[in-house]
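Protein sequences, first through last, are from chains A and B. For the first sequence, our numbering begins at 61 and goes up steadily by one. For the second sequence, our numbering begins at 264 and goes up steadily by one.
Please keep in mind that the hints were generated in silico from the structure rather than gathered at the bench. Just so it is clear, CB atoms sit at the ideal spot from N, CA and C, and this is done for glycine as well. Mixed in with the good hints there might be a few duds.
The calculated label-pair distances, taken between Cβ atoms and stated as ranges, are [unchecked claim]:
#1 B:E389 with A:R284: 25 to 33 Å
#2 B:P509 with A:A356: 51 to 59 Å
#3 A:F85 with B:A460: 45 to 53 Å
#4 A:P315 with B:E314: 41 to 49 Å
#5 B:A308 with A:A356: 48 to 56 Å
#6 B:T380 with A:D296: 20 to 28 Å
#7 B:F523 with A:K104: 19 to 27 Å
#8 B:F523 with A:P315: 22 to 30 Å
#9 B:T380 with A:P315: 36 to 44 Å
#10 B:L540 with A:G227: 34 to 42 Å
#11 B:A458 with A:A346: 37 to 45 Å
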Amino acid sequence: MLEFIGRRTLHSIIALTTLIVLVFFLGRLTGDPALLYLPENATKKTIEDFRERNGFNDPILVQFGRYVEGAAHLDFGKSYRRNQPAMQVVVEALPWTLKLAAVTVVLAMLVAMTVGPLAAYRPASIFDRIASVLSLAAASTPDFWVAIIGILVIAVQFGWLPTSGVGGPAYWVLPIFVLMLKITGTTTQVVRGSMISTLASPYIKAARAKGMQEERIVFIHALRNSVIAAVTVAGDQTRGIVNGAVIVETVFGWPGIGKTMIDAITQRDFAVIQAAVLVTAVIILALNIVIDILYALLDPRIRLN
Amino acid sequence: MTTKDSLNFAQAQPPKSGLSAAFTLLLGDRFALVSLIYLVLLVTAATIGPELLGDAGTKINLRMRNVPTMTMENGFLYLLGGDSLGRPILPMLLVGARTTLMIAVSVVIFSMLIGTTLGVVAGYYERLLGAFIMRAADVIMSFPSLLLAVIVLYVLEPAAANVVIVLAITRLPIYIRVARAEVLEIRERLFVESARASGASNIRIMVLHILPVVVPTIFTVATLDFAGVMLSESGLSFLGIGVQPPDVTWGLMVAMGRNFLTTAWWLAFWPGLAILLTALATNLLSNWLRLAMDPMLRWRLEDTDAVEERRDV
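Next up, chain A with everything else stripped away, as it sits in the complex (with noise of 0.2 Å):
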């Protein structure tokens, strides 16, 4: 187990090396902060100041150097735009994100754990219809296009919950289902059909010819072989909410850290990316080998080696 976490981690810490290069060097070709932040009728002096100030006008190599120095101490620089440092500035974005992400997940997989069961129970059932097509199109729902039309119907038609912000909990409502209609459509897919195939298995048989009560069968026995499913779909589901929340973050105004990275991204604010970039790549590494041992612990089978 230890030496699968130390190995594990050996090779994230090289991944994490190419991506803190990577995201230099590319950075660097997304065009001249200088150029964005000033206002257009800015003097040549003005913008030597500015890059003076900045150290853009250090040859690449130096900067890259400062670059990575900094990036040892997880220091990247101030933040262009709100002159705090880039590292505070995405980690006060974090929480947002995560707690988002962590109901997210929760709630999902309990609609997927429960549905997904109650739907192979019966294949091909009235319910299992419904649940199938209802996940199916929940999985093909483009989340921007529902984010807007959530908030245009509920929020500005009704009044129901506010259009957009962080606050109370009527806030958390519309992120919290459209980030939930994607995971949950597809673990509920998978869910379901691992069921379908598990219940069809002998040792199922085994346990009802003993006469056990089919709730307990179906919750417990089965659904326990269908979970490695259900961990793989949602474990690549989270990521890709902590990846890319973006489109949920910007039409909420969530001041999460796919709002932060987009808007360093469009503003050129290369400390702020840079900084994301990590600490969104951490996680996601942190999160891959979280997933492999929970593979281990829910499947005695499966040796971490």
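Based on the hints, put chain B in the right spot on chain A.
Coordinates of chain B only, in the frame set by chain A:
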């Protein structure tokens, strides 16, 4: 299925060819059938529609700005209303369908070809080359696709082809991982060993012996991935870092309609619905295809009673 049933089946019907058997199965599944019909109509309309209607979908007509939806009073072309520049939405949807579908198809083909090649190699040469490919896949997976999109957009021309590059790169890891996982198992099998014993070269073993076993799985992943690619492209275009005007895609239409949401909801509504329906249809069809192609799963389609029987035996 019981032996009695399979005997009856064999006596009642002469053995069918794969294609007509698949067709019978398709007729039995209404959702898959409707999806197929919808997709065929959509592709036909997207192919010949813009030719028939000329530049109707892209011609600006300021007198028709935001004309209401679901009324024939402005003529058939304006059935779904007009957009903020007075372009009729219905023909615009067809022009958008063309770009949207072409991008999605190209992305799936490119990422499938390149990803499968890399994955097969990674599985076959597990040690050094394989580890390298897998770490590269890790990097791609943790690299934010948005940043990649912006970089490509700024460095290269903002063209639909570059959106294909961005999306194809972000989709590579799926194929690499699936293909590698399959190869790791296949290469231990006896037929690979015997090929090696009879002196086949590594390339020959990979291409002629291993690849054919991997292809069906990869094909399933690709059909499932199609809707995802379409949704990603729409998302990028919605955020303004995907396809750029004057090109038209459904995601871009939703983005343009967003500013008029409270005054002319139909601008954003119809293209979004088109994305939803098309993604749903491809998902339904690929689900069906996965069951129909897999002899281990096909019983789920053949007869709903069989499902019950399997459970109750």
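Okay, the hints, checked on the actual structure:
Here the CB-CB span from E389 of chain B to R284 of chain A is close to 31 Å, well matched to the stated 25 to 33 Å. Range check, P509 of chain B to A356 of chain A: Cβ separation about 53 Å, and the 51 to 59 Å hint holds. For the pair F85 of chain A and A460 of chain B, the beta carbons lie near 48 Å from each other, so the given range of 45 to 53 Å is met. Distance hint check for P315 of chain A and E314 of chain B: the Cβ-Cβ separation is about 48 Å, which falls inside the suggested range of 41 to 49 Å.
Between A308 of chain B and A356 of chain A the C-beta distance comes to about 51 Å, which sits within the given range of 48 to 56 Å. At about 23 Å, the beta-carbon gap between T380 of chain B and D296 of chain A stays in the expected band of 20 to 28 Å. The hint said 19 to 27 Å for the Cβ distance between F523 of chain B and K104 of chain A, and at roughly 41 Å that hint is violated. For the hinted restraint 22 to 30 Å between F523 of chain B and P315 of chain A, the CB-CB distance of approximately 26 Å keeps it satisfied.
Our hint of 36 to 44 Å for T380 of chain B and P315 of chain A holds, since their Cβ atoms are close to 42 Å apart. Judged by the Cβ atoms, the range 34 to 42 Å given for L540 of chain B and G227 of chain A holds: they are separated by roughly 35 Å. Range check, A458 of chain B to A346 of chain A: Cβ separation about 41 Å, and the 37 to 45 Å hint holds.
Comparing the model with each numbered hint stated earlier shows that hint 7 is the single one that does not hold.
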